[in-house]
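Chains as they are written, first to last, in my numbering: chain A, 65 to 429; chain B, 65 to 429.
The hints are simulated quantities; they were obtained by calculation from the structure and are not laboratory data. Please note: incorrect hints may appear among the correct ones.
If several chains are the same, the list does not tell them apart, and a pair holds so long as it fits within one copy or across any two.
[As the list claims (entries may be wrong)] Restricting the straight-line Cα-Cα distance to at most 27 angstroms, the calculated cross-link-like pairs of lysine-lysine (DSS-like) are:
#1 K121 with K387
#2 K300 with K177
#3 K174 with K295
#4 K113 with K387
#5 K117 with K387
#6 K300 with K173
#7 K387 with K201
#8 K113 with K374
#9 K117 with K127
#10 K174 with K287
#11 K177 with K337
#12 K325 with K415
Being a predicted model, the structure only gives us computed values, none of them experimental.
Number of protein chains: 2
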Amino acid sequence: MVLKMVKQVYNFYAGPATLPRQILIKAQKELLNFDNTGLSLMEISHRSKEYDKIHKKASLLVKELINIPDNYKIMWLQGGASSQFYMVPLNLQQIGKKMEYVNTGVWSKKAIKEARFFGNVDVVASSEDENFSYIPKNIEFGNNIAYAHITGNNTIYGTEYHNWPNVSDEVPLVCDMSSNIMDKVIEFNKFGVIYAGAQKNIGPAGVTLVIVRDDLLERVPEKTPTMQKWKTHSDKDSLFNTAPCWAIYMCKLSLEYLKQKGGISNIEKINRKKAELLYDFIDNSNGFYKGYAMKDSRSLMNVTFNLPTKDLEEKCVLEGSLKGLLGLKGHRSIGGMRASIYNAMTIDGVKKLIEFLKEFQEENQ
Amino acid sequence: MVLKMVKQVYNFYAGPATLPRQILIKAQKELLNFDNTGLSLMEISHRSKEYDKIHKKASLLVKELINIPDNYKIMWLQGGASSQFYMVPLNLQQIGKKMEYVNTGVWSKKAIKEARFFGNVDVVASSEDENFSYIPKNIEFGNNIAYAHITGNNTIYGTEYHNWPNVSDEVPLVCDMSSNIMDKVIEFNKFGVIYAGAQKNIGPAGVTLVIVRDDLLERVPEKTPTMQKWKTHSDKDSLFNTAPCWAIYMCKLSLEYLKQKGGISNIEKINRKKAELLYDFIDNSNGFYKGYAMKDSRSLMNVTFNLPTKDLEEKCVLEGSLKGLLGLKGHRSIGGMRASIYNAMTIDGVKKLIEFLKEFQEENQ
Chain A
65 MVLKMVKQVY NFYAGPATLP RQILIKAQKE LLNFDNTGLS LMEISHRSKE YDKIHKKASL
125 LVKELINIPD NYKIMWLQGG ASSQFYMVPL NLQQIGKKME YVNTGVWSKK AIKEARFFGN
185 VDVVASSEDE NFSYIPKNIE FGNNIAYAHI TGNNTIYGTE YHNWPNVSDE VPLVCDMSSN
245 IMDKVIEFNK FGVIYAGAQK NIGPAGVTLV IVRDDLLERV PEKTPTMQKW KTHSDKDSLF
305 NTAPCWAIYM CKLSLEYLKQ KGGISNIEKI NRKKAELLYD FIDNSNGFYK GYAMKDSRSL
365 MNVTFNLPTK DLEEKCVLEG SLKGLLGLKG HRSIGGMRAS IYNAMTIDGV KKLIEFLKEF
425 QEENQ
Chain B
65 MVLKMVKQVY NFYAGPATLP RQILIKAQKE LLNFDNTGLS LMEISHRSKE YDKIHKKASL
125 LVKELINIPD NYKIMWLQGG ASSQFYMVPL NLQQIGKKME YVNTGVWSKK AIKEARFFGN
185 VDVVASSEDE NFSYIPKNIE FGNNIAYAHI TGNNTIYGTE YHNWPNVSDE VPLVCDMSSN
245 IMDKVIEFNK FGVIYAGAQK NIGPAGVTLV IVRDDLLERV PEKTPTMQKW KTHSDKDSLF
305 NTAPCWAIYM CKLSLEYLKQ KGGISNIEKI NRKKAELLYD FIDNSNGFYK GYAMKDSRSL
365 MNVTFNLPTK DLEEKCVLEG SLKGLLGLKG HRSIGGMRAS IYNAMTIDGV KKLIEFLKEF
425 QEENQ
């Protein structure tokens with residue numbers, strides 16, 4: 065439900081999600097005349113000098129912001145994280161070795177399903193017993209496996225890893241960071257591969273960021289269709305075929321915004337502040353609002369909570385939308401409410417939400 | 065080479081290519097407030113009612129404009145035509161049957177290369193003997209093959225099929241129409257599958273139109289990764305995972321423009337007029353300009369031609385760009401010059417180009 069006729073709105077959708085207003089204004093301004101060419105960026109060759117600057121800058125910003133070591137390759141691919149669900153096992157499989165996964169919800173399950181097309185998969189830990197309301201602790205991956213896979217943040221349940229599981233030096237840790245890429249500082253060399261659909265934390269739908277340690281690019285079986293190999297894209301700096309130029313351009317603008325805001329260390333502070341404000345409010349609502357995820361697994365990005373009844377939840381979602389607080393409905397698989405407070409959500413937006421929830425409680429409890 | 069400080073420019077790039085000015089203006093206007101939501105389309109869920117209207121309308125316009133029978137499914141996929149090069153054989157292969165291709169250039173060769181990963185491929189006709197300057201005649205496909213594949217238009221060489229080859233009723237004809245989709249009226253039921261990257265004739269980069277006769281969706285082997293099956297996307301109306309919403313939105317605007325211009329029958333008239341003007345000028349230039357493609361294979365979309373020397377070609381490209389006529393350099397594999405005059409190029413733009421070429425000839429011959 066999206067509201068008509070409201071001036072200032074706050075977008076709590078889980079994804080595609082809110083983008084910084086200032087980058088949308090810049091995109092609008094440049095839409096008809098990109099870089100003084102007289103053309104729109106959407107009309108310019110992906111091999112032009114003008115586009116190439118955007119393309120290279122977007123990758124450079126990723127490298128700077130996450131502090132990625134030189135032995136990793138940054139790729140901008142199409143097909144969403146859903147395509148990486150098969151590209152990961154296809155590119156990393158090793159004959160005779162298992163692929164190990166942690167199951168923390170719907171998206172982990174989808175990743176596991178695709179991996180099974182390529183070999184033996186073990187699910188070494190799962191939180192399905194409590195409908196995915198937590199991140200399993202003491203996860204133990206084998207030492208002689210092809211790779212270890214986790215889902216960094218689980219949008220549906222509002223859970224997130226706060227400590228990365230240990231893997232032995234031989235084992236690449238692979239992480240789907242679609243909904244928490246750049247939400248906090250990470251030590252990148254813990255990972256072999258990370259991937260992230262852009263449409264939650266770093267841009268619009270239509271492009272997926274994939275970062276792979278360079279030695280892992282060599283594992284792919286030779287007889288693999290060209291477009292399915294990471295190496296194809298890595299060798300050509302994601303310009304083997306026509307790139308989704310507009311989506312990458314929007315990511316570049318969004319990454320510039322994150323840099324301007326003080327980089328990820330500062331973004332992390334803001335994200336922790338936003339999450340703290342909202343979770344504290346929920347925890348101090350005398351049980352009217354109740355967090356869904358267990359406290360030690362709570363996501364910085366997706367805050368899931370319930371009200372005393374389903375009717376009240378529906379009423380709250382509706383009244384929020386009438387006040388310009390959009391997208392607060394929880395995912396159908398767990399119900400309740402969800403506020404997605406990605407990097408582009410301001411502290412002010414979270415305060416407005418809390419103000420509304422307070423009033424709603426006073427009027428309805 | 066793109067010019068700075070010119071007001072009116074004409075974009076002859078081969079792709080990503082020119083878009084109708086009026087749709088860019090509309091996109092700019094709506095960028096910050098889509099459908100009165102207070103949000104950008106780039107921030108709205110692909111499952112929202114607002115986006116859904118765009119998505120359905122885009123497919124409906126394709127169906128109307130090309131006059132597609134009800135037993136075909138329309139899909140909006142990611143990964144470019146380059147991904148269809150493997151998705152075609154993967155989805156259409158049949159054990160014990162050959163896949164037959166016609167080789168009309170670089171893009172055909174790429175398609176053939178990917179098909180070989182999936183079984184036996186025969187190249188039944190080729191124009192490689194004359195560096196792809198023509199479309200082979202009297203093409204004969206077998207009667208007991210999995211499918212027959214052609215490349216509808218060859219951007220690099222400026223060649224295009226004007227008569228579709230015959231296939232027996234049992235054999236699906238598959239056509240890569242990336243650079244000539246909707247350039248003329250076609251009888252759709254001649255085809256089993258057509259696919260087209262959007263970025264030449266119907267939109268920006270980042271989405272690929274794929275249209276498949278519904279009985280062919282059932283051929284794919286069961287043990288195929290989910291995202292690689294057309295059926296996955298067809299069953300969910302291209303919303304199995306997050307769609308590239310902005311690119312589809314731009315396609316919708318572009319398709320509305322084509323409808324407004326009188327539909328494809330009228331677009332075909334305009335395209336024939338544009339091509340006729342330009343080819344006639346070339347043919348009547350006393351040999352100063354010389355068409356590359358053989359006359360009966362000339363493309364309506366990409367007009368390739370040479371000048372007496374390479375130096376003159378370079379000079380002509382440069383001087384054109386200084387006058388706001390952009391992207392006239394030929395592809396490196398054949399050299400010379402190329403004017404891409406896709407659906408969004410106006411007759412006026414072609415006239416401006418001819419005017420310039422005339423002056424250039426007078427000054428340089």
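Comparing the hints with the structure gives:
Taking the closest pair of Cα atoms, K121 and K387 never come within 27 angstroms of each other, the shortest separation being 38 angstroms inside a single copy and 30 angstroms across copies. Within a single copy, K300 and K177 get their C-alpha atoms only as close as 30 angstroms, which misses the 27 angstroms cut-off; across copies the closest is 18 angstroms, which meets it. Taking the closest pair of Cα atoms, K174 and K295 come within 27 angstroms of each other both inside a single copy (24 angstroms) and across two copies (17 angstroms). For a Cα distance limit of 27 angstroms, the shortest separation of K113 from K387 across copies, 19 angstroms, qualifies, whereas the shortest one inside one copy, 45 angstroms, does not.
For a Cα distance limit of 27 angstroms, the shortest separation of K117 from K387 across copies, 24 angstroms, qualifies, whereas the shortest one inside one copy, 41 angstroms, does not. Taking CA atoms no more than 27 angstroms apart as the test, K300 paired with K173 passes between copies only; the shortest distance there is 19 angstroms, against 32 angstroms inside one copy. Taking the shortest alpha-carbon separations for K387 and K201, neither the intra-copy value of 40 angstroms nor the inter-copy value of 66 angstroms comes in at or below 27 angstroms. Taking the shortest alpha-carbon separations for K113 and K374, only the inter-copy value of 22 angstroms comes in at or below 27 angstroms, while the best intra-copy value is 55 angstroms.
For the identical chains of this complex, K117 and K127 are intra-copy neighbours only, at 15 angstroms inside a copy versus 38 angstroms across copies, given an alpha-carbon limit of 27 angstroms. For the homomeric pair K174 and K287, the shortest alpha-carbon distances inside one copy (25 angstroms) and between copies (15 angstroms) are both at most 27 angstroms. Proximity of K177 to K337 under the C-alpha cut-off of 27 angstroms is found in neither arrangement, the shortest distances being 36 angstroms within a copy and 53 angstroms between copies. Taking the shortest alpha-carbon separations for K325 and K415, only the intra-copy value of 19 angstroms comes in at or below 27 angstroms, while the best inter-copy value is 49 angstroms.
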